[in-house]
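Chemist: Here is what each chain is made of, one letter per residue.
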Amino acid sequence: MIEVRELSKYYGESKAVGPLDFTIEKGQVIGLLGLNGAGKTTTLRMLSSELLPTAGRVLIDGIDLAEEPDLVRARIGYLPDRPPLYGEMRVREFLEFAGRLRGMASSGIDRRIDEVLQLTSLKKRADDRIDTLSHGFKQRVGIAQAIVHKPALLLLDEPISGLDPVQIVEMRELIRSLRGEHTTVLSSHILSEISETCDRLLVIVDGRIVTEGTEEELAERMTPGFDVRVVVRGADARARELAESVDGVRGARRLSGKDVAAEYRGDDALAVLHVTADRDVREDLCRRLVTEGLGVLEVMRAEPELESIFLQLAGAKGARVEGDARGGSER
Amino acid sequence: MNNVGLIVGRELKAYVRSPLGYAAAAGVLLIDGIWFMAKALGGTTEKRLSAQVLAEFFNGASGTTAVLAIALAMRLVAAEHDAGTLVLLKTSPIRDWEIVLGKFLSVMLVLLAITAMTAYMPLLIMKNGKVSGGHLLVGYAGIVLLGASVTAMGLFASALAKNQVVAAILAAVLTGAMYLWWLVAKIADPPVTEFLEGLAIHHLRMRDFMTGVLRLENVVYYVAVSFFFLLASVKTLEARRWR
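If you read the protein sequences in the order shown, they are chains A and B. Residue 265 in my numbering sits at position 265 of the first sequence; the count goes up by one each step and never skips. Just so we're on the same page, my numbering is the position in the second sequence counted from 1, plus 331.
Isolated chain A, as found in the complex (with noise of 0.2 Å):
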C-alpha cells in the first residue's frame, strides 16, 4: 500500500505541488491527472524519491521514504517522461545493469530478465543497441528497466507520450498487463489513456488533487442525478413537453450539431433531447412518449465524458486538452 501525507513541495516562495494527501491499495492502477504544469512529475518526482519533499511523507508498505531511503527505492521502478538509457548499451546489458542497481542477486537475474523482455516484446531485441531502437522500443526498454526488479510500486510520466497510435496501444496493453503485480501510479494529460489503463483517477490541478476515485464515481459526483437521452420521432417542442411532464425531471432540451449521432442528424423529423432528471426515468418516460403517440427510437443513460468532467475540475474550461479527440471518439 502506497500512503502519501501532507506532501508538498515549495521552490523559494513559491508553492509547486501540495499538500497531497492520498492511498493507494496493492495492484491498483492510479491516473494522476491533469494539465501541463498542474504538477503531475513533479509528484511522481518526489513519489520516486528523485526529488526531495519540502514536507511530509510518502510510506511504501509501510516503510517511509524519507527514513529509509534506500530500502523504499529498492521497492519503486521509474519511468520518467524521458527513459533513462545509456545509448551504448545493448538491451539485455542494460537491465542487468538496472536490475544489479536496484539490488537484484546475481542468481535468477537472467531468468528474470527473460520474462521481462518476453512481457515487454523485446526478446528478438535484447542484444541490439539502445541507440538503434525506435521511440517506440526505447520506451519499451524505459519500461522493461523500471519492472525489471518487481518493484511494489510503478512510477510512469506520460509512457503514451510521442508514441504513434499501433505503439499506444501496444503499450496500452502492457501497462494493463502489469496490473495486480504492480501498483501502478500512470501521469497524464490524455484523457483517453486514463480512462482505458486506470482503475482509479487523481485529478491534479494547481499542484493539489481535487478529487479522486472512478470515473463512474466522478461523473457521479460532478453530476448529481439521471440524465437520460432520447431520440422521438416527432415534434421537438410536444416531445419537450411530454418529458417534462413526468415525474422526476427537471428539465428537457434539444440536443443539435456534434452533440447529435450522425444518424439522426439532418433529419427535422426526429428530436433529440437531453433530459435532466432526479431519479431514473427511462421507462416512465418511455410510457408517455408513446402513450402519446411519439415513435421512440433510442432512450439511454447520458453519462458524462471525462473529457467535459475534467475540464470542469480543472476549471479550464477553454483549456486545450491534447488528444481531446482521441478522449471523445475512442470511449
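Worth flagging that the hints you see were computed from the coordinates, not collected in a lab. Glycine included, every Cβ here is placed at the ideal spot set by N, Cα and C. One should not assume that every hint holds.
[What the hints assert, rightly or not] Pairs of lysine-lysine residues, derived as DSBU-like cross-links and limited to a Cα-Cα distance of at most 35 Å, are as follows:
1) K124(A) - K150(A)
2) K124(A) - K344(B)
3) K493(B) - K370(B)
4) K138(A) - K517(B)
5) K150(A) - K344(B)
6) K26(A) - K150(A)
7) K150(A) - K123(A)
8) K15(A) - K566(B)
9) K124(A) - K138(A)
10) K458(B) - K370(B)
11) K26(A) - K123(A)
12) K138(A) - K15(A)
13) K493(B) - K566(B)
14) K493(B) - K15(A)
15) K150(A) - K493(B)
16) K150(A) - K517(B)
17) K344(B) - K123(A)
18) K138(A) - K566(B)
19) K15(A) - K26(A)
20) K566(B) - K517(B)
21) K138(A) - K26(A)
22) K138(A) - K150(A)
23) K123(A) - K138(A)
24) K150(A) - K15(A)
25) K124(A) - K26(A)
26) K461(B) - K344(B)
27) K344(B) - K566(B)
28) K370(B) - K517(B)
29) K344(B) - K138(A)
[To be verified] A few chain B positions that, by computed beta-carbon distances, are all more than 10 Å from chain A:
30) A354
31) K370
32) G373
33) Q383
34) G394
35) L417
36) L443
37) Y451
38) V504
39) P522
40) G529
Starting from the structure of chain A, add chain B where the hints point.
Modeler: Below, chain B alone, put in the same frame as chain A:
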C-alpha cells in the same frame, strides 16, 4: 562497494565504446611523444644528465595528464544529466558517494592505463642513460596524484554543469586557477607568499615529484585536494535532489 563496482564497470564500457577513450589515448601519446623528442631529448646542444631529461619528460606529461583528466571527467555527471540517465542512479538504492567514487575510479583507471602507455619513453632513458627506478616511480606517482586532483575538480565541475561543454570550461577555469596561485603569490607579501605558493597545484609540488623527490606534504596536498573536490561533488549531487 558492489555499487561502486557497478558504476566503474559501466563507465569503463562507455569509454571503450565511445571514441573519447581512444581519442584521448591517441592525443596524449602523440603530444607526450612530440614533447619527449623535442624538449626532453632535443631543444639544446648542451649535454644533460639523464635525470634532467626525465624531469623534463614528467613536466610535459603532467600537462597532458591534466588536460586528459578534464577531457575524461567532463562527461561524468553532465552527460548523464543531459541524457536524462542521472535519474536512474538517483532513484536506485545507491548512495551519492558511491556514484561519485565509482565515476572517479573509472576515470583514474583509464588515466592509469593511458599513462602506463607512455612508460616506454622514460624506459628508453633508463636503458640509454642513468636514472634510478625510484625517480621513475616518484615521477609517475606525481603524475597520477596530479591526475587524481584534476579529475576530482573535473568531476565537481561536471556535477555543477548541465552539459559537457560548460563542465569542460568550468573544469579548465578551476584547474587554471589552481595552477596560477604562484603568480598571485608574486604580488603578495610574506608569510602569505609561501601559503599561496603552497596552494598552487603544479608549481612547487610537481617540481619535487619531477626531480624524484618524494615529500609527504606533497602527497597529502594532492590527496586533500582530491578529497575536497570529491566531497564537493557528493554535496552537489545531494543538493540537486532539492531542485
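Chemist: Holds or violated: K124(A) with K150(A), Cα cutoff 35 Å?
Modeler: Distance ~22 Å between K124(A) and K150(A) Cα, so the pair holds.
Chemist: Against chain A, does G529(B) hold up as non-interface, every C-beta pair farther apart than 10 Å?
Modeler: holds (39 Å)
Chemist: Taken at face value, is the distance from the CA of K150(A) to the CA of K138(A) at most 35 Å?
Modeler: holds (19 Å)
Chemist: With a cut-off of 35 Å on the C-alpha distance, tell me whether K493(B) and K566(B) pass.
Modeler: holds (16 Å)
Chemist: Within a Cα-Cα threshold of 35 Å, do K150(A) and K15(A) meet the stated pairing?
Modeler: holds (34 Å)
Chemist: Taking 35 Å as the top limit, are the C-alpha atoms of K124(A) and K26(A) close enough?
Modeler: Answer holds: K124(A) to K26(A) is near 32 Å, not above 35 Å.
Chemist: Holds or violated: are the alpha carbons of K344(B) and K566(B) at most 35 Å from each other?
Modeler: Holds. K344(B) to K566(B) sits at ~26 Å (cutoff 35 Å).
Chemist: Given the hint that K458(B) pairs with K370(B), does the C-alpha gap stay at or below 35 Å?
Modeler: Holds, at about 19 Å.
Chemist: Does the claim that Y451(B) lies off the interface hold, with its Cβ farther than 10 Å from every Cβ of chain A?
Modeler: holds (31 Å)
Chemist: Grab the minimum beta-carbon distance between K370(B) and chain A and tell me whether it stays above 10 Å.
Modeler: Non-interface label stands for K370(B): nearest chain A Cβ at 37 Å, farther than 10 Å.
Chemist: According to the definition I'm using, a residue is off the interface if its beta carbon is farther than 10 Å from all beta carbons of the partner; does P522(B) meet that for chain A?
Modeler: holds (43 Å)
Chemist: Please verify whether K370(B) and K517(B) have alpha carbons no more than 35 Å apart.
Modeler: Holds. K370(B) to K517(B) sits at ~27 Å (cutoff 35 Å).
Violation of the numbered hints given earlier is confined to hints 3, 4, 16, 26, 35; the remaining hints are satisfied by the structure.
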